[in-house]
Structure formats: structure tokens, C-alpha cells
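Work the whole structure out from these sequences, hints included.
Under my numbering, the residue at position 17 of the sequence shown is numbered 28, and the numbers go up by one with no gaps.
The hints are simulated quantities; they were obtained by calculation from the structure and are not laboratory data. This one's a predicted model, so the numbers in the text were calculated from it and none came from an experiment. Treat each hint with caution, since some may be false.
[To be verified] Now the in silico label distances, taken between C-beta atoms and shown as ranges:
1) HIS42 / GLU179: 21 to 29 Å
2) GLU57 / GLY216: 35 to 43 Å
3) GLY61 / LYS21: 37 to 45 Å
[As the list claims (entries may be wrong)] 25 Å max Cα-Cα, derived DSS-like pairs, lysine-lysine:
4) LYS38 / LYS276
5) LYS110 / LYS54
6) LYS148 / LYS117
7) LYS219 / LYS148
8) LYS143 / LYS54
9) LYS38 / LYS233
10) LYS228 / LYS279
11) LYS38 / LYS267
12) LYS267 / LYS148
13) LYS181 / LYS122
14) LYS279 / LYS267
15) LYS279 / LYS25
16) LYS219 / LYS208
17) LYS208 / LYS251
18) LYS110 / LYS138
19) LYS208 / LYS122
20) LYS181 / LYS208
21) LYS228 / LYS208
22) LYS54 / LYS228
23) LYS279 / LYS203
24) LYS181 / LYS279
25) LYS54 / LYS20
26) LYS233 / LYS279
27) LYS115 / LYS143
28) LYS38 / LYS25
29) LYS181 / LYS228
Quick reminder that beta carbons are idealized off the backbone N, C-alpha and C, glycines included.
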Amino acid sequence: MMYWLNMGKKLNLKNPVTFNEKLQWLKLYNHNPAYTVMVDKVKAKEYVAGIIGEEHIIPTLGVWDDPDDIDFDALPDQFVLKCNHNSGTGMCICRDKSKLDIEKVKAELRKGLKENYFMRWREWPYKNVPRKILAEKFMVDTEQNVEAITKGKLEELNDYKIFCFNGEPKVLFVASDRANKVCFDYYDMNLKHLDLKQGGDNYHGEVKLPKHFEEMKELAAKISQGIPHVRTDFYEINDKVYFGELTFFDSTGMAKFTPEEWDEKLGKLIVLPPPQPVRERPFWGVS
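Structure, rendered in C-alpha cells:
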């Protein structure tokens with residue numbers, strides 16, 4: 012029903028063909044327990060560091076169970092706070108601690124901790140993530156912000172998201188201009204711009220592409236080995252590549268591609284594994 016309401020067509024699970032259909036199939040029939048670790052923004056760092064090295068991990072400043080446990084005095088003037096089990100709700104990007112409304116931040120974090128991200132879209136890896144609050148170092152790309160820093164305004168980092176299929180990087184998705192209206196651009200593995208739109212408009216100017224794209228591809232390939240599909244996210248900061256997060260169900264398997272043929276093109280890249288028997292799949296009740 013949810014798929015029909017969002018996509019305007021029936022979901023084919025008996026013989027899935029498109030990218031979206033196959034992601035919905037994977038939600039039901041591909042339950043690797045490691046995925047829960049990989050979507051946990053706290054545990055994923057240790058997991059990924061074990062594969063590509065600690066030097067690619069954004070430093071953690073603290074982890075807490077409750078907003079009242081956070082010692083804001085001990086945090087630097089700039090930092091990022093987020094929940095480990097969801098996407099966006101509760102996030103605080105602090106650029107100047109002296110201007111921070113701490114009680115408001117705590118209220119937003121409580122709201123984030125209450126969110127049952129699994130129940131929103133039935134993305135099962137999030138169901139059993141122990142809910143935490145994570146503080147990270149505020150990362151600034153000096154080269155990107157030379158002009159902006161002189162004006163007292165920092166540009167947002169570009170997100171470089173690589174669609175991987177069984178350990179093979181195939182498509183680069185760049186999210187840029189977050190400070191204004193976020194734009195999305197897609198590229199092949201030779202950084203050729205693709206005639207593809209999904210989730211937003213293409214950037215109106217020249218997109219800042221990663222200098223270290225070959226390294227990003229190598230890291231993405233290592234992380235995604237043996238996984239039918241996962242999106243591996245990176246940042247490029249001061250000439251270094253940093254890991255962002257992992258996403259198994261891009262746009263929760265309801266991406267509206269323009270032109271629509273991309274749904275089937277990307278679907279061909281997903282080779283579905285044998286389905287797990289029902290007894291091996293977790294019960295989809297409310298946690």
C-alpha cells in the first residue's frame with residue numbers, strides 16, 4: 012500500500028526488475044545482522060575503520076544515552092550532535108557555542124531519540140539499533156571555504172555518495188549547495204555527468220567533484236564487498252577522504268527517477284541473493 016501510494020503503481024515482489032522493486036525485496040528477504048551495525052552511526056565507525064583504516068573516520072567527541080548527560084562545557088566551540096539511529100531528526104550543527112540554545116538542542120535530541128525510524132519505512136536494519144547521541148568534530152574544508160571564511164560564513168561540505176553493487180562502485184551521487192537549496196547530480200565512474208534526476212534539481216553551476224575519486228572508489232569497493240547494494244557516503248576535507256555513512260535503501264526504495272528508465276537500468280545492477288527462510292527473518296513488530 013505504501014509503495015502504491017508513493018509510486019502510483021503496484022509493487023512486483025515475485026519478479027522484481029527495477030531498482031525500487033529490488034530494494035523492497037531486499038527489505039524482506041536479505042537480513043544480514045551486520046547491517047544493523049553498519050547503519051548505527053556509532054558502531055559503523057569502528058566497523059568501517061576495521062576495513063579502510065581509522066584515518067578515514069571523523070573523530071567522535073562523545074556518546075550519550077540522554078541529552079542531560081552531555082557536558083556542553085567540555086565540547087569545543089564547534090561540533091555536530093546527532094542521533095545514531097535515524098536521519099536528520101535531532102541533529103545540531105553548532106558553529107558558535109556561545110550562541111547555542113542548549114535547552115532547545117536537548118529538546119530536539121529527545122525528539123530524535125523517540126523517533127522509531129524503522130516504523131517510518133520498514134527499513135529493518137534500524138529496528139534494533141540501541142539509541143544514542145553522538146558528538147562529532149566539526150569538519151571544515153579550508154580550500155572550499157577560503158572566500159567564505161573571510162565573510163564569516165561557512166559553506167556546507169559536498170556529500171559524495173557511491174552506489175555499490177556486490178563490491179563494485181557504479182554511480183556517483185553528489186549532493187551540493189546545502190546552504191541554499193540542495194542539488195543532486197549523478198555521474199558514472201569516469202565522472203561523466205549522467206542524464207538523471209532524482210530527489211532534486213541538478214546544480215546550476217560547476218559541481219565541485221572529488222580530487223581523490225579513485226581512492227573513494229577503492230574504499231567503497233572494500234566496504235561493499237558481498238552486499239547486493241549499499242550506498243557508501245564520503246566527504247573530501249582538506250585533501251583527505253572521510254567516511255560518512257552507509258545506506259541500504261536509497262530513498263527507502265521509492266526513488267522517482269527522471270527519466271524513468273533509470274529505475275530499470277539501476278535495477279539490472281542488483282543481483283538478488285537467495286531469499287532467507289521466514290524463520291531466519293526478524294519479526295516486524297514494534298520495538
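Tested hints:
Hint check: HIS42 to GLU179, Cβ distance near 22 Å, so the stated range 21 to 29 Å holds. Between GLU57 and GLY216 the C-beta distance comes to about 38 Å, which sits within the given range of 35 to 43 Å. For the hinted restraint 37 to 45 Å between GLY61 and LYS21, the CB-CB distance of approximately 42 Å keeps it satisfied. For the given pair, LYS38 sits about 20 Å from LYS276 by alpha-carbon distance, which is consistent with the 25 Å threshold.
As the CA atoms of LYS110 and LYS54 are separated by approximately 31 Å, the hinted pair breaks the 25 Å bound. Distance hint between LYS148 and LYS117 is fulfilled; the C-alpha atoms sit about 18 Å from each other, no more than 25 Å. As the CA atoms of LYS219 and LYS148 are separated by approximately 23 Å, the hinted pair is consistent with the 25 Å bound. Annotation: proposed proximity of LYS143 to LYS54 holds, straight-line Cα distance about 11 Å (limit 25 Å).
With a CA separation close to 23 Å, the supplied pair LYS38 and LYS233 stays within the 25 Å bound. A threshold of 25 Å between alpha carbons decides the hint, and for LYS228 with LYS279 the separation of about 20 Å falls inside it, so the pair holds. Simply put, LYS38 and LYS267 have alpha-carbon atoms about 18 Å apart, close enough for the 25 Å limit, and the pair holds. Simply put, LYS267 and LYS148 have alpha-carbon atoms about 34 Å apart, too far for the 25 Å limit, and the pair is violated.
Of the pairs offered as hints, the one joining LYS181 and LYS122 is violated, with about 36 Å between alpha carbons and a cut-off of 25 Å exceeded. For a cut-off of 25 Å, the pair hint linking LYS279 to LYS267 stands: about 17 Å separates their Cα positions. A C-alpha spacing of about 16 Å is found between LYS279 and LYS25, which places the hinted pair at or below 25 Å, so the restraint holds. For a cut-off of 25 Å, the pair hint linking LYS219 to LYS208 stands: about 18 Å separates their Cα positions.
For the given pair, LYS208 sits about 28 Å from LYS251 by alpha-carbon distance, which is inconsistent with the 25 Å threshold. Among the hinted pairs, LYS110 with LYS138 is inconsistent with the structure: their alpha-carbon atoms are about 35 Å apart, more than 25 Å. Distance check on the hinted pair: LYS208 and LYS122 sit about 32 Å apart at the alpha-carbon level, beyond 25 Å; violated. Under the criterion of a C-alpha separation no larger than 25 Å, the hint pairing LYS181 with LYS208 is consistent with the structure, at around 16 Å.
At most 25 Å may separate the alpha-carbon atoms for a hinted pair to count; LYS228 and LYS208 meet this at roughly 22 Å. Between LYS54 and LYS228 the alpha-carbon distance is near 22 Å, which keeps this suggested pair within the 25 Å criterion. Restraint check for LYS279 and LYS203: the C-alpha separation of about 20 Å stays at or below 25 Å, so the hint holds. Restraint check for LYS181 and LYS279: the C-alpha separation of about 12 Å stays at or below 25 Å, so the hint holds.
For the hint linking LYS54 to LYS20, the alpha-carbon distance of about 37 Å lies beyond 25 Å, and the restraint is violated. About 21 Å separates the Cα atoms of LYS233 and LYS279, which keeps this hinted pair within 25 Å; it holds. A hinted pair counts as satisfied when its Cα atoms are at most 25 Å apart, and LYS115 with LYS143 qualifies at roughly 18 Å. Between the alpha carbons of LYS38 and LYS25 the distance comes to roughly 14 Å, so the proposed pair stays at or under 25 Å and holds.
Pair hint LYS181 plus LYS228 holds up; C-alpha atoms about 9 Å apart against a cutoff of 25 Å.
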